[in-house]
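Student: What follows is the residue order along each chain.
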Amino acid sequence: MEQSVQPLGADPTGRLMKADTLAQARHIGVRRGGRWLIRHVDITVRRGEIVTLIGPNGSGKSTCVKALLGLVPVDEGHSSIARDARIGYVPQSLVIDWTLPLTVGRLLTLTARHSGTDVEAALQQVGMRGMSAAPVQSLSGGEFQRALLARAIIREPDLLVLDEPVQGVDFTGQIALYQLIRDIRERLDCGVLLISHDLHIVMAETDTVVCLNGHVCCSGTPKLVAEDPEYRRLFGPQAAEALAVYRHDHDHTHADDGSIISGHHHDHVAEPDA
Amino acid sequence: MLDDFFTRAMVAGIGVALVAGPLGCFIIWRRMAYFGDTIAHSALLGVALALLLDTHVMLGVFAVSVAVALALLGLQRFGALSSDTLLGILSHSALALGLVVVALMTWIRVDLMAYLFGDILAVSKLDIALIYAGGVAVMAGLAVIWRPLLAATASPDLAHAEGLGPERANLAFMLLIAAVIAITIKIVGILLITALLIIPAATARRFCVTPETMAVTASLCGVVAVIAGLFGSLKLDTPSGPSIVAAAMAVFLLSLVVSVLVSRGANASSRW
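Same order as they appear, the protein sequences are chains A and B. When you line the first sequence up against my numbering, it's residues 3 to 276, in that order. When you line the second sequence up against my numbering, it's residues 73 to 344, in that order.
In case anyone wonders, no lab produced these hints; they're calculated from the structure. Beta carbons: idealized from backbone N, C-alpha and C, even for Gly. Any given hint might turn out to be false.
To be verified - Here are some chain B residues the structure puts well away from chain A; computed CB gaps all over 10 angstroms:
id	residue
1	A231
2	G235
3	L236
4	V281
Claimed, not checked - Here are some, though not all, of the chain A residues that point toward chain B, as calculated from beta-carbon distances under 10 angstroms:
id	residue
5	R34
6	W38
7	G60
8	R88
9	I89
10	P93
11	D99
12	T101
13	L102
14	T105
15	P137
To be verified - Quick list of the computed label-pair ranges, beta carbon to beta carbon:
id	chain 1	residue 1	chain 2	residue 2	range
16	B	R336	A	E78	56 to 62 angstroms
17	A	D191	B	P228	27 to 33 angstroms
18	B	A322	A	R37	50 to 56 angstroms
With the rest of the complex left out, here is chain A (with noise of 0.2 angstroms):
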């Protein structure tokens, strides 16, 4: 698949975008304090689509997402989303204060009214079967993360949007949880929009990979992307290797501690590491 850059200057209330369109940025710039976050980016994601966006820390992945659902006013060009499509969202590093009692049954019908069955059926799929009435403040990093995906997918949302959902989740479950992503775009077929700083294991599953640095470096294809040389000149030389482990079946080396050896360069200390 190729991916073409949008035309500007179209109808910006998503009324003209095509009918298996689910959310389109054209162009988008996002300014705080005189300084350009991201700016002329433009990210388009189809319904059965997953749609990953990689990028070091501070090249405004996030911003992006936010931009794109409206969470944060874009300062040029247009984000739409398709009118009366079901958004999923799992939001980045999510906490809940002490104060509130929540169980995990409770956080899956925050946003919307859910049968028992529904919430027992979601936490089986996400593997929390029978942790309904668990209170969230006792789950593990891992637990939470996949608490706030059964959140998110028992709304059966047209567009799921996840921003960095492996966080916290060591590496046999970051390969479920991406296998299960795949698996809800299969049942529900749904866009995916997906945030991550892993390029290992996320690329195998991925239709379209956005690199982006403040704007977007390249994309298209995982295998496009990792020719291309912008993508190698941001991620530095083992930016090639991490694709190739990719195309070898994620034959991926481990670190004594379990963790994979990350394969990219870029600066990792704010980020807890997987």
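Starting from the structure of chain A, add chain B where the hints point.
Tutor: Below, chain B alone, put in the same frame as chain A:
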């Protein structure tokens, strides 16, 4: 039955406690204690204006509370100062302004103590009617915005992304707080209103696993505090408002002791 001043106080106090519970929960979930305090402090200005315009005190307090809440929203949007600084400015200048206006109205004798610390024993039948009518309205409003407000409390981005319109819910919530403060002012007074909102909710937290049960439990804790406080005040001849807050504090401490005893050995850590 309502001819007895003590019964009237009891009925009014229980009504206020029932409403304060759920609202107080949201105040602690959203870390808005200082906001509640600010609105309460501005209430004195509302009292002064109500006396000046010869309308019911609750009306004046509600109007000024809404104005201060909106002023805060506006300042947050356009100003560079942090929220707690803005709250500090609004809180104390509104209180000071209220005291100045009251002092300027030399033709009216205002019992300042009654407004600062409450005068539940002077509650009239009209007050009770207003407390219950206002209370029902506030509860109905809260029921309508419950889901979006709760979702926005857990995560504003989530509520927004999934189309729940959290700004509307937040605005409505501020109006509800203003209304509750207007109907509570006579019971515990300007300086102690926040306590009646927060202490029962904090007490309830340890014993609840869902927001809904916590809201109900907070109401019940508040009712217990009102009953205990009023009987204590009758027995010891102490001021009623402070007695109710002291009783709420006692219930809170008791709950702390109980939960520590219960959780000992259950390997649960204390987090207050």
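Student: Using Cβ atoms only, decide whether L102(A) comes closer than 10 angstroms to chain B, and label the hint accordingly.
Tutor: 5 angstroms, holds
Student: CB of A322(B) to CB of R37(A), is that within 50 to 56 angstroms?
Tutor: Because 54 angstroms falls inside the window, the suggested range holds.
Student: Measuring from the C-beta of T101(A) to each C-beta in chain B, is the shortest one below 10 angstroms?
Tutor: 5 angstroms, holds
Student: Please check whether D191(A) and P228(B) have a Cβ separation lying inside 27 to 33 angstroms.
Tutor: 30 angstroms, holds
Student: With a cut-off of 10 angstroms on the beta carbons, see whether R88(A) makes it to chain B.
Tutor: 8 angstroms, holds
Student: At 10 angstroms, judged by beta carbons, does L236(B) keep clear of chain A as stated?
Tutor: Not fine: 6 angstroms to the nearest Cβ puts L236(B) too close to chain A.
Student: Is the shortest C-beta separation between G60(A) and chain B less than 10 angstroms?
Tutor: 19 angstroms, violated
Student: Does D99(A) hold up as a contact with chain B if the rule is Cβ-Cβ below 10 angstroms?
Tutor: 6 angstroms, holds
Student: Hint R34(A) vs chain B: min CB-CB distance below 10 angstroms?
Tutor: Violated, because the Cβ-Cβ distance from R34(A) to chain B comes to roughly 14 angstroms (cut-off 10 angstroms).
Student: Would you settle whether the hint for T105(A) is holds or violated, based on the nearest Cβ-Cβ distance to chain B being less than 10 angstroms?
Tutor: Check passed: Cβ of T105(A) comes within 5 angstroms of chain B, closer than 10 angstroms.
Student: Find the nearest Cβ of chain A to the Cβ of V281(B) and say whether that gap is larger than 10 angstroms.
Tutor: 5 angstroms, violated
Student: Confirm or reject: G235(B) is not an interface residue toward chain A, with every Cβ-Cβ distance exceeding 10 angstroms.
Tutor: Non-interface label on G235(B) violated, nearest chain A Cβ at 7 angstroms vs cutoff 10 angstroms.
Violated hints, listed in ascending order, are 1, 2, 3, 4, 5, 6, 7; each of the other numbered hints is respected by the structure.
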